[in-house]
Amino acid sequence: MKKLICIALALALCLSLTACGGGNRKKTYQVGICQLTQHPALDAATKGFREALEEAMPGQITFDEKNANGDIATCATIVNGFVSGSCDLILANATPALQAASSATQTIPILGTSITEYGVALDIANFSGTVGGNVSGTSDLAPLDQQAAMFAELLPAAQTIGILYCSGEPNSKYQADVVKAELEKAGRTVRIYTFADSNDVVAVTGQACGENDALYIPTDNTAAECTEAITNIAEPAGVPIICGEEGICAGCGIATLSISYYELGRTTGAMAARILKGEAKIAEMPIEYYQNPVKKYNPALCQAHGITPPAGYEAIG
Amino acid sequence: MLSLPNLLTRLPAGVAQGIVWGVMALGVYITFRLLDVADLSVDGTFATGGAVAVMLMLSGAPGWAALLAAAAVGVACGLCTGLLHTKLGIPAILAGILTQFALYSINLRIMGKSNQTASVKKFGLFWETKGRGFLLSSLYIPQAILVGLLLTALVIAALYWYFGTEQGSALRATGANPHMSRALGINVGNMKLIGLALSNGLVALSGALMTQFQGTADVNMGRGAIVIGLAAIVIGEVLCDVCFRKGANFAVRLAFVVLGGVVYYLVMVLILWLRLDPNDLKLFTALIVALFLAVPHLRAQRRESAVRRRTAGKEA
Numbered sequence: 091m092k093k094l095i096c097i098a099l100a101l102a103l104c105l106s107l108t109a110c111g112g113g114n115r116k117k118t119y120q121v122g123i124c125q126l127t128q129h130p131a132l133d134a135a136t137k138g139f140r141e142a143l144e145e146a147m148p149g150q151i152t153f154d155e156k157n158a159n160g161d162i163a164t165c166a167t168i169v170n171g172f173v174s175g176s177c178d179l180i181l182a183n184a185t186p187a188l189q190a191a192s193s194a195t196q197t198i199p200i201l202g203t204s205i206t207e208y209g210v211a212l213d214i215a216n217f218s219g220t221v222g223g224n225v226s227g228t229s230d231l232a233p234l235d236q237q238a239a240m241f242a243e244l245l246p247a248a249q250t251i252g253i254l255y256c257s258g259e260p261n262s263k264y265q266a267d268v269v270k271a272e273l274e275k276a277g278r279t280v281r282i283y284t285f286a287d288s289n290d291v292v293a294v295t296g297q298a299c300g301e302n303d304a305l306y307i308p309t310d311n312t313a314a315e316c317t318e319a320i321t322n323i324a325e326p327a328g329v330p331i332i333c334g335e336e337g338i339c340a341g342c343g344i345a346t347l348s349i350s351y352y353e354l355g356r357t358t359g360a361m362a363a364r365i366l367k368g369e370a371k372i373a374e375m376p377i378e379y380y381q382n383p384v385k386k387y388n389p390a391l392c393q394a395h396g397i398t399p400p401a402g403y404e405a406i407g
Numbered sequence: 004m005l006s007l008p009n010l011l012t013r014l015p016a017g018v019a020q021g022i023v024w025g026v027m028a029l030g031v032y033i034t035f036r037l038l039d040v041a042d043l044s045v046d047g048t049f050a051t052g053g054a055v056a057v058m059l060m061l062s063g064a065p066g067w068a069a070l071l072a073a074a075a076v077g078v079a080c081g082l083c084t085g086l087l088h089t090k091l092g093i094p095a096i097l098a099g100i101l102t103q104f105a106l107y108s109i110n111l112r113i114m115g116k117s118n119q120t121a122s123v124k125k126f127g128l129f130w131e132t133k134g135r136g137f138l139l140s141s142l143y144i145p146q147a148i149l150v151g152l153l154l155t156a157l158v159i160a161a162l163y164w165y166f167g168t169e170q171g172s173a174l175r176a177t178g179a180n181p182h183m184s185r186a187l188g189i190n191v192g193n194m195k196l197i198g199l200a201l202s203n204g205l206v207a208l209s210g211a212l213m214t215q216f217q218g219t220a221d222v223n224m225g226r227g228a229i230v231i232g233l234a235a236i237v238i239g240e241v242l243c244d245v246c247f248r249k250g251a252n253f254a255v256r257l258a259f260v261v262l263g264g265v266v267y268y269l270v271m272v273l274i275l276w277l278r279l280d281p282n283d284l285k286l287f288t289a290l291i292v293a294l295f296l297a298v299p300h301l302r303a304q305r306r307e308s309a310v311r312r313r314t315a316g317k318e319a
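Those sequence lines, one after another, are chains A and B.
Converting from the first sequence to the working numbering requires adding 90 to each position, the first position being numbered 1.
Converting from the second sequence to the working numbering requires adding 3 to each position, the first position being numbered 1.
Derived from the structure by calculation, the hints contain no laboratory data.
Restraint-style ranges between C-beta atoms, simulated for each label pair: (1) N170/A / L97/B: 25 to 31 Å; (2) L187/B / D154/A: 58 to 64 Å; (3) N170/A / S108/B: 15 to 21 Å; (4) P94/B / A390/A: 50 to 56 Å; (5) I96/B / S176/A: 38 to 44 Å.
Simulated pairs of lysine-lysine, DSBU-like, Cα-Cα distance not exceeding 30 Å: (6) K371/A / K117/A; (7) K263/A / K137/A; (8) K137/A / K156/A; (9) K285/B / K270/A; (10) K285/B / K116/B; (11) K385/A / K275/A; (12) K385/A / K124/B; (13) K137/A / K385/A; (14) K125/B / K137/A; (15) K156/A / K116/B; (16) K367/A / K137/A; (17) K117/A / K367/A; (18) K117/A / K137/A; (19) K116/B / K263/A; (20) K385/A / K125/B; (21) K116/B / K137/A; (22) K263/A / K285/B.
Note that beta-carbon positions come from the ideal geometry of N, C-alpha and C, so glycine has one too.
Just need the whole structure built from these sequences, with the hints factored in.
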C-alpha cells in the first residue's frame with residue numbers, strides 16, 4: 091500500500107513537471123518579486139512594476155510576490171526559493187533584496203528597483219552606469235545636489251544641519267556623504283547622526299534636534315518606518331526636516347525632491363518586458379533613472395514651522 | 004561643542020522612555036530575580052504587546068483597552084513558554100527562545116506587515132478624548148512622565164500586594180529553593196507558569212506603552228529588550244544597595260528597578276550628548292550588564308578564598 095502511494099506521488103510529480111514544460115512552450119513566465127519591507131515607496135514601485143509588465147505581456151506572466159518584512163536574512167530565503175523554483179526573472183525591491191539576489195544567481199536576470207546607488211549596493215569600483223552580467227534596473231536617486239539646494243530655498247537661516255539615518259543601510263550613508271559635501275560647500279555646518287534600530291530613534295532624533303537648526307533624512311528604510319516617532323520629537327523642537335523621498339516627507343518632513351516610485355516601478359516593468367521578449371540583453375542595459383523629479387512640500391508641517399514654500403512646489407496630497 | 008542646556012532639554016524624553024522600559028524591567032525582575040529563570044521570550048512579547056496595541060487602536064478601540072488587551076496577550080505568550088518548560092520539559096532558556104522565535108511570525112500576522120503607525124495627532128490624548136486616546140506620547144513629554152509614574156506606581160502596588168499573598172510567597176520560595184519548596188508541598192511547575200505569565204504580561208504592557216509613546220510598532224522593536232531589562236535591574240539594585248544597604252522593602256526594590264530603567268536611558272542620552280558613536284551603544288550595554296552581574300560572584304569567590312586561607316593558616 092505504501093509503495094502504491096509512493097508510485098502515485100512520483101507519477102503526480104512527473105506529471106506536474108511536464109505540465110510546467112508545457113507551460114513554457116506556451117510562453118508564460120514566472121516572475122519572482124522580493125520586496126524588503128512595507129512602506130509606501132516600495133509598495134508603489136512593486137505596483138508599478140506589476141502593472142507595466144502585465145500591460146506589456148497580458149496573460150503571460152505569473153507573479154510570485156514575497157515580502158521580507160524588513161528582515162535581511164528572509165530576503166536570502168525568498169530569493170533562493172525563486173532560484174530553485176527556476177524563475178524567469180527576479181525583481182529585487184530595495185538594496186538588501188538586490189544584494190541577496192545577486193549572490194543567489196549568476197544566470198537568472200535580476201532587475202532592481204528602489205535602489206539608490208548600484209555601485210555601492212554591489213560593491214563595484216568605478217561604476218559606469220551599467221552593471222553587466224545578469225543585473226540591471228532602476229535607481230531612486232533624486233539629484234542630491236538639488237536636494238541640498240532646497241535648504242537654501244526654504245531654510246536660508248539654518249546654519250547647522252544634522253543628517254539622520256540608520257547605520258545599517260549603506261545607501262543612506264552614501265546619500266548622507268554626498269549631501270554633507272554639498273551643504274558644506276554652501277558654507278553650512280553638517281553633523282551626522284545614526285541609529286542602529288527603531289529603539290534608538292527617539293533618543294538619536296532628540297539629540298539631533300537639540301544640536302541643529304534643521305535636519306536632512308535620505309531615502310532610508312528604517313526612517314521611513316519611524317516617521318511618526320521622528321515627527322513627535324522634531325515638530326515640538328521646531329526643527330524642520332527635508333527628506334529624500336515623498337513617503338518620509340509626508341510623515342515627518344517639510345519638503346522633498348520627489349520621484350514617483352510608481353513610475354519607477356513602471357519603467358522597471360518595461361525593462362522586464364524587453365528582457366522576457368528577448369528584445370534586449372540585460373548585460374547591456376544601463377541603470378535607468380527617474381527623469382522629472384518634482385519639488386513637493388508637506389502643507390501641515392510647513393505651516394507648523396511657519397515656512398511658506400516658493401513657487402514651483404507642489405503640495406503632498 | 005558640548006552645551007549643557009541642550010543636555011538638560013534632552014533629559015525629560017530619556018526619563019519618559021526609561022519609565023516605559025522600567026515596566027518591562029519589572030517583568031524581567033519577576034522571572035530573573037524572583038523565579039531564577041532566564042526568560043528570553045520577552046524580546047518577542049515586547050513587540051507582540053506593541054503589535055496588539057497598535058492594531059486595536061487602529062480599529063477604534065480606546066487606548067486603555069488596547070493596553071489591557073496587550074497585557075492579556077502577553078500573559079498568553081508567557082503561558083506558552085511556561086507550558087513548553089514545565090509540561091514538555093524543555094529547558095527554560097530554550098523554551099523562551101522558541102516562543103520568541105515563533106512570536107516574530109505571529110507579530111507579522113497581527114500587524115499584517117512589518118510596521119504600523121498610529122498617530123497621536125489623529126487619536127488625541129486620554130484626557131482630551133474622554134478616555135479614548137493615547138495614554139502617553141513622545142509629543143507631550145511632561146504628561147508622558149506623569150502618566151508613566153502613575154502607571155508604574157499602580158503596577159508596583161499590585162505586585163507588592165500579590166507577592167505578599169500565600170501564592171505570591173510560594174512563588175518567591177520556588178525561585179529561592181525549588182527542592183525545599185517541593186518538599187513543602189508547593190507545586191513548583193505551576194508557580195513557574197504563573198511567574199512567566201505575569202512577567203510576560205508586564206513586558207507586553209510595556210511594549211504597548213512604548214507603541215503609544217512613539218506612535219509606531221514594528222517587528223524589530225523588541226530586539227535586545229532582555230538586555231535593557233537586565234541592565235535596568237542591575238543598575239537599580241546597585242543604586243538600591245547604595246541607598247538602603249541590604250535592608251530595602253520589596254516595594255522600594257521594585258521602584259529602584261524602574262529607576263534603573265530611567266538611569267539607563269539617561270546614560271544613553273549622555274552618551275549621545277558626549278558624541279560617542281551610537282553604533283557602539285549595544286556593546287557598552289552588554290559590557291555594563293556583564294560587569295554588574297559578575298561583581299557579586301567575584302566578591303563571593305574572594306570571600307571564600309580568604310576564609311580558606313585563614314583556616315589553612317590556623318592548621319599550619
